[in-house]
Amino acid sequence: MTDATPFAYKPGEHEAEKASNSYLMSLIAVIAGLPLPIINLIATFIFFMGNRKGTYFVRWHCTQALLSQFSLLAINTVGFWWTVSILFRDGQVSNQYIAYMMTVLGFNLVEFVATIYTAIQTRKGKHIVWWFYGDLTDVLCRK
Amino acid sequence: MKLFLQLIFIIVSFLGIWLGLSRIDWMTTFQVEKASNDIEEKLGDLYWDILKNVNDEIKDKELVSPLDSLLTRICQRNDIDREKIKLHLVDKDEVNAFALPDYHMVVYSGLIQECENEAELCGIIAHELAHLEKGHIMQKLVKEVGLSVLLSMATNTGNPEIIKQAIKVLTSSAYDRKLELEADLTGAEYLINSGIDPEAFAAFMFRMSAQEKGLPDQLFWVSSHPGSEERTQAILDYSKDREVKKEMILDSLQWVSLQEKLLKD
Numbered sequence: 212m213t214d215a216t217p218f219a220y221k222p223g224e225h226e227a228e229k230a231s232n233s234y235l236m237s238l239i240a241v242i243a244g245l246p247l248p249i250i251n252l253i254a255t256f257i258f259f260m261g262n263r264k265g266t267y268f269v270r271w272h273c274t275q276a277l278l279s280q281f282s283l284l285a286i287n288t289v290g291f292w293w294t295v296s297i298l299f300r301d302g303q304v305s306n307q308y309i310a311y312m313m314t315v316l317g318f319n320l321v322e323f324v325a326t327i328y329t330a331i332q333t334r335k336g337k338h339i340v341w342w343f344y345g346d347l348t349d350v351l352c353r354k
Numbered sequence: 034m035k036l037f038l039q040l041i042f043i044i045v046s047f048l049g050i051w052l053g054l055s056r057i058d059w060m061t062t063f064q065v066e067k068a069s070n071d072i073e074e075k076l077g078d079l080y081w082d083i084l085k086n087v088n089d090e091i092k093d094k095e096l097v098s099p100l101d102s103l104l105t106r107i108c109q110r111n112d113i114d115r116e117k118i119k120l121h122l123v124d125k126d127e128v129n130a131f132a133l134p135d136y137h138m139v140v141y142s143g144l145i146q147e148c149e150n151e152a153e154l155c156g157i158i159a160h161e162l163a164h165l166e167k168g169h170i171m172q173k174l175v176k177e178v179g180l181s182v183l184l185s186m187a188t189n190t191g192n193p194e195i196i197k198q199a200i201k202v203l204t205s206s207a208y209d210r211k212l213e214l215e216a217d218l219t220g221a222e223y224l225i226n227s228g229i230d231p232e233a234f235a236a237f238m239f240r241m242s243a244q245e246k247g248l249p250d251q252l253f254w255v256s257s258h259p260g261s262e263e264r265t266q267a268i269l270d271y272s273k274d275r276e277v278k279k280e281m282i283l284d285s286l287q288w289v290s291l292q293e294k295l296l297k298d
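As given, the protein sequences belong to chains C and G, one line each in that order. Heads up: take any position in the first sequence, counting from 1, add 211, and you land on our numbering. Heads up: take any position in the second sequence, counting from 1, add 33, and you land on our numbering.
In short, the hints are calculated from the structure, not lab data. Some hints here could point you the wrong way.
[As the list claims (entries may be wrong)] Which chain G residues stay away from chain C? Per the calculated CB distances, all over 10 Å, these: (1) D58; (2) S69; (3) D82; (4) K201.
[Stated by the list, open to error] A partial selection of chain C residues facing chain G, derived with a Cβ cut-off under 10 Å: (5) Y220; (6) Q303; (7) T314.
Backbone N, C-alpha and C fix where the C-beta goes; we use that ideal spot for every residue, glycine too.
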């Protein structure tokens, strides 16, 4: 799912730290933002905006961290409102609901582990490219 | 193209895992229904115990039997299990009736005295029965009291003051408009199936809402069910093209005797 690939140049210590922080930002937001899924995205987006004029390495990793939050936002939002409808409206707990929440939990866990791994590796100056999100970042992030 | 295929792969994987997991019967594995029934049962008992301690329950068979006959007829004609409903007649002047968790239905003697005939009383019973059957009680409690408070009440760790407030929610405040309308129309359907004209229920609501202006404190059932005029109209509209084969449940002597005995008590 993630690959360490050579980057266009060797990033400096300061760049590696900032790039790593973009992933940590989404992790901290996951803890603070539960159960509101939008918090992670907002936190990562603010960090992205703050660094959009940074070096290519920093911008690239801020973009990858931001993009990875979008798909989680979609599935977590559905899970959040489904839960709200069960608690406060006339929704019922069903096998489909439990299965959905398990799937969402699984995807969140994979994302969580991948984010921690990427934050650690990026801090060491390694360029970690995620499957799909990495390619999408290449398209969106210009040198 | 590669990106598009990757995106499709992610979406298909997500849906595939979800649908695959949906095939497992998690409701049985996690005993979801049993757990929620247990909570509802504990809450129902808790609510009823508290109400019973501050009010007198009427156990006289001559008074309870006619009420029981009305409820039994409505249940039988609508395929509702009568056994699960715990009917309580309470000696109190308030014009009130309400449903509690775990199929407790409480009717105050003041309400029976205020009804002019059995059809009016059946209307209120059918309305409360509809709240029970549609699961409105727990929905209202979760919405207004909060899930954490309900869980603490069910596990005997609740604050007495909060429990008092939670009881007030069910005995003297309205459900939201959508739930009330659903209970009105479902109740009207129950009445039609039972050979009782829903017009009597509509007439009762209309009469009570007119009286309420002069006697707001006693008419709990109507003051806690706002918008009576609109609701009266909705019931009349719902039943206007329906043919009701009217059948009496109690004979006229039984009804008069019930009201007289309640007045004496």
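Against which earlier hints does the structure fall short, listed by number upward?
-> The structure conflicts with hints 1, 2 and 5, although it agrees with all the remaining ones.
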